[in-house]
Amino acid sequence: MLEKKGLPRIPSIILWVIAPAISFWLLESLTHSVIEDMDWPLICANLIFYYLLYGILLLISKRSWVSISLGSLFVMIIGLVDYYVIQFRSVPLFPWDFLSVKTAMSVSGNFEYDLEKDTLQILLGFLIMILIGLFTRWKLSIKNGQYHLLAVLGAMVSIVLYSTSIQAEAVHKKLGFYDYLFTPNAYYHMNGFAASFISNMQYLKVTKPGNYSAKRAEEMLESYKRYERGQTAETLPNIIVIMNEAFSDPSILGSFQTNVDYMPFIHSLKENTVKGNLFVSVKGGNTANTEYEFLTGASMAFLPMGSVPYQQYIRSHIPTMVSELRIMGYETFSIHPYRANGWNRKKVYEYFGFEKSYFKESFTEAPILREYTTDLATYQKVIDIYNAKPEGQPMFVFDVTMQNHSSYSKDYENFVPDVEVEGTQKDELLEKYLSLIKVSDEALQKLVEYFAEVDEPTVILMFGDHQPADWVVEPVYEINDMDSSALTLEEEQKRYEVPFVLWANYDIEEEYVEAISANYLSSLCLEKAGVPTSPWQNYLSALHEEYPVVTANIFVDDKGLYYGSNVMDTMAEELNDYNRLNYYYLFESNHWENELFRALVYP
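Heads up, my numbering is the position in the sequence shown plus 30, with the first residue counted as 1.
It is worth saying that the hints were derived from the structure and are not from the lab. Mixed in with the good hints there might be a few duds.
Claimed, not checked - Within a straight-line C-alpha distance of at most 30 Å, the following computed DSS-like cross-link-like pairs (lysine-lysine) qualify: (1) Lys204 / Lys235; (2) Lys468 / Lys390; (3) Lys558 / Lys468; (4) Lys147 / Lys204; (5) Lys147 / Lys92; (6) Lys390 / Lys376; (7) Lys305 / Lys589; (8) Lys255 / Lys305; (9) Lys377 / Lys390; (10) Lys386 / Lys411; (11) Lys147 / Lys440; (12) Lys411 / Lys468; (13) Lys300 / Lys476; (14) Lys147 / Lys305; (15) Lys377 / Lys419.
What the hints assert, rightly or not - Derived Cβ-Cβ restraints for the label pairs, each shown as a range: (16) Ala396 / Pro294: 23 to 33 Å; (17) Asn417 / Ala516: 25 to 35 Å; (18) Glu504 / Lys386: 33 to 43 Å; (19) Ala602 / Leu191: 37 to 47 Å.
C-beta atoms are modelled at their ideal positions from N, C-alpha and C, and glycine is treated no differently.
My request is simple: use the sequences and hints to build the entire structure.
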């Protein structure tokens with residue numbers, strides 16, 4: 031019916047010819063200006079993909095309305111997903127994000143999906159395209175089935191050839207491709223969504239570093255073997271680690287005044303306390319990557335931009351801080367008051383060595399703040415685990431909280447913000463966020479006060495997994511007359527700093543650590559707890575002296591100089607060695623019993 035009453039053949043063909051270009055323009059305009067950001071060679075490179083997409087749909091269906099309408103609908107959906115991904119976590123859509131669909135869906139109901147006027151106009155453009163496309167009546171007259179099949183196969187082969195070409199280094203140079211992976215927003219804006227997304231597909235698999243061999247990696251770690259005197263169960267301290275959701279201190283970005291201190295307890299902790307600045311690889315999301323770096327000692331610096339090891343690379347038992355402590359005699363527990371399928375945690379935790387994991391179903395009666403289980407409820411679970419274990423049996427508990435999870439735009443009857451930011455217009459997002467941080471601080475105080483009274487030696491480490499998304503902290507830049515789009519490398523990396531605090535209920539040396547990245551923090555924790563460490567952790571402690579920060583975004587050397595991760599190839603051999611050891615660890619360390627990744631003690 032559409033073909034009888036629709037547009038004449040010639041206008042239908044004209045619309046089909048311009049539809050891919052319009053779709054390209056509309057999708058890119060959702061997140062940036064094509065004219066300002068993209069050069070013509072890269073515009074053309076992206077257009078090729080759109081014409082191939084519409085061409086395949088035309089060849090398969092032989093009808094222009096199917097090609098135009100379905101093609102435009104597909105591009106609109108992808109563009110909208112990318113738009114919201116950037117809104118929620120401040121970086122664009124990556125190929126491996128589709129491995130995290132379950133995790134994304136589990137928290138999707140807690141975000142606001144407001145659209146700006148410009149965005150609504152772009153979506154209206156897509157809808158007009160889809161609607162007009164339905165009334166086109168151009169029909170390909172390929173009657174021979176074999177020719178039709180060959181045409182479809184030829185188009186699909188063209189897509190494969192395009193994808194292969196757009197990933198090639200020579201093509202990148204020819205097109206003037208922006209190849210700095212550590213700035214993903216600029217990468218997508220300057221190269222275009224299609225070219226960037228397809229180019230990133232090559233990173234779904236990690237390639238071996240140059241001059242790599244398992245034997246060489248093992249020889250490097252052999253030199254860090256150190257036998258230590260074994261400890262009895264009674265002398266091993268309990269270790270409680272809290273990775274606190276979105277916990278950070280925005281004042282690191284610039285000064286501002288509040289009506290109350292939002293971290294009074296942490297600020298007051300001094301005795302038997304180690305504090306410092308923790309650099310992480312993510313902001314606004316991808317919690318699992320900070321978790322991965324902490325528990326393993328490996329770094330996201332040497333993995334593809336935006337990848338999530340929990341989803342992509344962890345497929346069997348692998349040595350971790352958890353398995354090491356378990357072999358040492360600890361009982362190992364994980365706590366996460368949300369869904370077990372998030373980031374594939376249920377399976378990964380088994381591979382890491384956790385004996386018992388408590389997920390959302392263990393907190394059905396727990397107190398809720400906004401829509402999430404409170405920090406204090408998870409700390410009560412820690413206390414319950416402690417009280418249920420045999421006396422003198424050391425425990426390791428890893429608690430990944432949810433209380434402070436975004437979004438911060440909704441109002442709730444069970445949450446009344448009490449932190450106000452002074453000297454600026456009322457900013458609800460920042461004030462709500464800081465009020466949640468204050469609640470976390472209060473909960474930590476109660477946990478510390480409880481374990482201050484127990485007889486068993488106990489260490490508590492708390493750190494944030496990442497800062498909140500850009501729009502939450504933007505007022506801090508405005509208060510300080512700073513342009514968040516024109517920051518230096520050092521200023522930019524402030525967005526990847528979170529506080530950490532380690533406290534013990536027995537005497538330890540107080541210290542302030544100016545800079546440490548998440549991959550080193552577990553080694554520091556075990557060292558301060560007086561627990562024997564593995565050759566791998568001994569190596570990491572030594573590397574920290576030379577390069578205190580190694581993240582997916584930067585390296586910082588012992589002189590305090592910052593280097594973007596794009597200069598990895600020209601960096602010192604020590605970092606190239608770390609790259610090789612990361613590959614060995616992730617893909618060839620094989621099992622918990624690997625003596626290079628567990629403490630070596632005298633009988």
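Structure-based check of all given hints:
1. Restraint check for Lys204 and Lys235: the C-alpha separation of about 25 Å stays at or below 30 Å, so the hint holds.
2. At roughly 24 Å between alpha-carbon atoms, Lys468 and Lys390 fall within 30 Å of each other, so this suggested pair holds.
3. Note on Lys558 and Lys468: the hinted pairing holds, with a Cα-Cα distance of about 27 Å set against a maximum of 30 Å.
4. For the given pair, Lys147 sits about 37 Å from Lys204 by alpha-carbon distance, which is inconsistent with the 30 Å threshold.
5. Between the alpha carbons of Lys147 and Lys92 the distance comes to roughly 36 Å, so the proposed pair goes past 30 Å and is violated.
6. At most 30 Å may separate the alpha-carbon atoms for a hinted pair to count; Lys390 and Lys376 meet this at roughly 12 Å.
7. About 20 Å separates the Cα atoms of Lys305 and Lys589, which keeps this hinted pair within 30 Å; it holds.
8. Annotation: proposed proximity of Lys255 to Lys305 holds, straight-line Cα distance about 28 Å (limit 30 Å).
9. Only pairs whose Cα atoms come within 30 Å are accepted, and Lys377 paired with Lys390 is accepted, the gap being roughly 15 Å.
10. Restraint check for Lys386 and Lys411: the C-alpha separation of about 12 Å stays at or below 30 Å, so the hint holds.
11. Proximity of Lys147 to Lys440 is assessed by CA-CA distance (about 21 Å); at most 30 Å being required, the pair is judged to hold.
12. Distance check on the hinted pair: Lys411 and Lys468 sit about 21 Å apart at the alpha-carbon level, within 30 Å; holds.
13. Proximity of Lys300 to Lys476 is assessed by CA-CA distance (about 16 Å); at most 30 Å being required, the pair is judged to hold.
14. In summary, the hint linking Lys147 to Lys305 is not supported, as the alpha carbons are separated by about 45 Å, beyond the 30 Å threshold.
15. For the hint pairing Lys377 with Lys419, the CA-to-CA distance comes to about 24 Å; that is within 30 Å, so the pair holds.
16. One distance hint, 23 to 33 Å for the beta-carbon pair Ala396 and Pro294, holds here, with the actual separation near 25 Å.
17. Between Asn417 and Ala516 the beta carbon distance is about 53 Å. The supplied range of 25 to 35 Å is therefore violated.
18. Our hint of 33 to 43 Å for Glu504 and Lys386 holds, since their Cβ atoms are close to 41 Å apart.
19. Separation of Ala602 from Leu191 is about 39 Å and conforms to the stated range, judged on CB atoms against 37 to 47 Å.
Of the numbered hints stated above, those contradicted by the structure are hints 4, 5, 14 and 17, listed in ascending order.
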